[in-house]
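Could you put together the complete structure from these sequences and hints?
Protein chains in written order, with UniProt numbering: chain A, 1 to 151; chain B, 1 to 151.
Hint data in this document are derived by calculation from the structure and do not stem from the laboratory.
Honestly, I wouldn't trust all of these hints.
Each pair may be met inside one copy or between any two copies, as identical chains are not told apart.
With a straight-line Cα cutoff of 25 Å, these simulated DMTMM-like cross-link-like pairs (lysine to aspartate or glutamate) come out [to be verified]:
| id | residue 1 | residue 2 |
| --- | --- | --- |
| 1 | Lys85 | Glu107 |
| 2 | Lys134 | Asp25 |
| 3 | Lys113 | Glu75 |
| 4 | Lys148 | Glu61 |
| 5 | Lys85 | Asp135 |
| 6 | Lys148 | Glu107 |
| 7 | Lys148 | Asp135 |
| 8 | Lys85 | Glu102 |
| 9 | Lys2 | Glu75 |
| 10 | Lys2 | Glu102 |
| 11 | Lys85 | Glu109 |
| 12 | Lys85 | Asp100 |
| 13 | Lys2 | Asp25 |
| 14 | Lys113 | Asp25 |
| 15 | Lys2 | Glu61 |
| 16 | Lys113 | Asp74 |
| 17 | Lys2 | Asp100 |
| 18 | Lys2 | Glu40 |
| 19 | Lys85 | Glu103 |
| 20 | Lys148 | Asp100 |
| 21 | Lys2 | Asp74 |
| 22 | Lys85 | Asp37 |
| 23 | Lys113 | Asp37 |
| 24 | Lys2 | Asp18 |
| 25 | Lys148 | Asp74 |
| 26 | Lys113 | Glu103 |
There are 2 protein chains.
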Amino acid sequence: MKLGRLNHIGVATPSIADSIAHYRDTMGATQITAPFDLPEQGVKVCFVDTPTHSTGSGLSESGGTQIELIEPFDESSPINGFLAKNPAGGQHHVCFEVPDIEEARAEFEAMGKRILGPTRIGAHGTPIFFLHPKDMQGILTEIMETPKEAH
Amino acid sequence: MKLGRLNHIGVATPSIADSIAHYRDTMGATQITAPFDLPEQGVKVCFVDTPTHSTGSGLSESGGTQIELIEPFDESSPINGFLAKNPAGGQHHVCFEVPDIEEARAEFEAMGKRILGPTRIGAHGTPIFFLHPKDMQGILTEIMETPKEAH
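As structure tokens, then:
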């Protein structure tokens with residue numbers, strides 16, 4: 001395993017609409033995707049792009065670690081418990097990229113890390129899985145295969 | 001306000017030594033700074049570098065959003081409360097860069113956002129301040145001036 005790109009941080013929110021307004025109006029984000037449903041994961045999702053550089057000639061508006069806003073899709077959403085404890089929302093997970101999802105899964109399994117459910121297609125359209133926070137320093141950790149066309 | 005680079009995510013830990021081992025041995029990080037004390041902020045700190053690209057010609061080992069590991073410096077550390085609630089550690093804050101810290105502070109104040117304490121020098125040696133999580137969608141948010149030599 002070689003540490004991959006921090007693709008996004010997952011932020012749970014009771015209202016994607018309110019969170020979009022926050023990132024746009026308070027924080028000054030300019031690149032925010034339209035929200036879409038991921039019913040099989042029980043969430044509505046959108047991404048806020050962050051720049052790779054803040055100053056100088058490298059000024060950019062995207063390409064950095066994204067903020068993934070996630071709102072419950074329905075009553076059975078896996079993030080309902082998190083929002084019950086954190087009604088205003090908050091930091092829910094982090095997501096690192098790997099070049100090969102099956103190889104990564106085998107490596108984490110060999111290390112005895114608990115994997116939460118099957119490998120499935122995530123919000124970026126590539127395979128993902130989640131690792132148990134108790135095995136990952138208290139952090140729910142998503143592993144995603146790097147999109148082929150990206151970067 | 002224009003959204004700046006996501007400089008780092010702050011991760012609280014009961015043991016920086018254990019967390020360094022986790023990021024090195026489990027996650028495969030290769031660039032981790034030596035821990036250092038920030039007694040005025042009540043924490044010990046080190047940074048795990050993440051790459052900007054995971055695949056292809058842009059393969060890198062640093063330049064992405066960093067993971068800031070923070071361990072209590074003493075009994076009065078401001079992160080003791082967080083660790084009491086989250087004994088294994090977890091996601092503590094996020095930090096965005098701005099080109100001018102005083103300008104940013106004035107803008108957040110004008111928006112009625114609560115700022116926690118004075119502007120002070122942070123772990124990267126540039127001025128920083130924190131915004132109250134209740135005003136920031138449940139997320140303790142650090143604002144830091146971009147290092148002049150960086151990026």
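Going down the list of hints, with the structure as the test:
1. For the homomeric pair Lys85 and Glu107, neither the shortest alpha-carbon distance inside one copy (32 Å) nor that between copies (30 Å) is at most 25 Å.
2. With identical chains, the CA atoms of Lys134 and Asp25 are at most 25 Å apart between copies only, with a shortest distance of 16 Å across copies and 36 Å within one.
3. Within a single copy, Lys113 and Glu75 get their C-alpha atoms no closer than 29 Å, and across copies no closer than 32 Å, so neither meets the 25 Å cut-off.
4. Proximity of Lys148 and Glu61 under a CA criterion of 25 Å is satisfied in both settings, with 21 Å inside one chain copy and 19 Å between copies.
5. Taking the closest pair of Cα atoms, Lys85 and Asp135 come within 25 Å of each other both inside a single copy (21 Å) and across two copies (17 Å).
6. Proximity of Lys148 and Glu107 under a CA criterion of 25 Å is satisfied intra-copy only: 21 Å inside one chain copy versus 40 Å between copies.
7. Within a single copy, Lys148 and Asp135 get their C-alpha atoms no closer than 29 Å, and across copies no closer than 38 Å, so neither meets the 25 Å cut-off.
8. For the homomeric pair Lys85 and Glu102, neither the shortest alpha-carbon distance inside one copy (33 Å) nor that between copies (34 Å) is at most 25 Å.
9. In this assembly of identical chains, Lys2 and Glu75 lie within 25 Å of each other by CA distance neither inside one copy nor across copies; the values are 38 Å within and 36 Å between.
10. In this assembly of identical chains, Lys2 and Glu102 lie within 25 Å of each other by CA distance solely inside one copy; the values are 14 Å within and 39 Å between copies.
11. In this assembly of identical chains, Lys85 and Glu109 lie within 25 Å of each other by CA distance neither inside one copy nor across copies; the values are 30 Å within and 28 Å between.
12. Taking the shortest Cα distances, Lys85 and Asp100 never come within 25 Å of each other, neither inside one copy (34 Å) nor across copies (35 Å).
13. For the identical chains of this complex, Lys2 and Asp25 are inter-copy neighbours only, at 9 Å across copies versus 37 Å inside a copy, given an alpha-carbon limit of 25 Å.
14. Taking the closest pair of Cα atoms, Lys113 and Asp25 come within 25 Å of each other only across two copies (13 Å); inside a single copy the shortest separation is 40 Å, beyond that limit.
15. For the identical chains of this complex, Lys2 and Glu61 are inter-copy neighbours only, at 9 Å across copies versus 27 Å inside a copy, given an alpha-carbon limit of 25 Å.
16. Proximity of Lys113 to Asp74 under the C-alpha cut-off of 25 Å is found in neither arrangement, the shortest distances being 29 Å within a copy and 31 Å between copies.
17. With identical chains, the CA atoms of Lys2 and Asp100 are at most 25 Å apart within one copy only, with a shortest distance of 11 Å there and 35 Å across copies.
18. In this homomeric assembly, Lys2 and Glu40 never come within 25 Å of each other (Cα to Cα): the closest approach is 30 Å inside a single copy and 35 Å across copies.
19. Taking the shortest Cα distances, Lys85 and Glu103 never come within 25 Å of each other, neither inside one copy (35 Å) nor across copies (34 Å).
20. In this assembly of identical chains, the alpha carbons of Lys148 and Asp100 lie at most 25 Å apart only when taken from the same copy (11 Å versus 37 Å across copies).
21. In this homomeric assembly, Lys2 and Asp74 never come within 25 Å of each other (Cα to Cα): the closest approach is 36 Å inside a single copy and 33 Å across copies.
22. In the homo-oligomer, the alpha carbons of Lys85 and Asp37 lie at most 25 Å apart inside one protomer (23 Å), although the nearest pairing across protomers, at 32 Å, exceeds that limit.
23. For the homomeric pair Lys113 and Asp37, neither the shortest alpha-carbon distance inside one copy (29 Å) nor that between copies (31 Å) is at most 25 Å.
24. Taking the closest pair of Cα atoms, Lys2 and Asp18 come within 25 Å of each other only across two copies (18 Å); inside a single copy the shortest separation is 37 Å, beyond that limit.
25. In this assembly of identical chains, Lys148 and Asp74 lie within 25 Å of each other by CA distance neither inside one copy nor across copies; the values are 31 Å within and 46 Å between.
26. Taking the closest pair of Cα atoms, Lys113 and Glu103 come within 25 Å of each other only inside a single copy of the chain (14 Å); across copies the shortest separation is 45 Å, beyond that limit.
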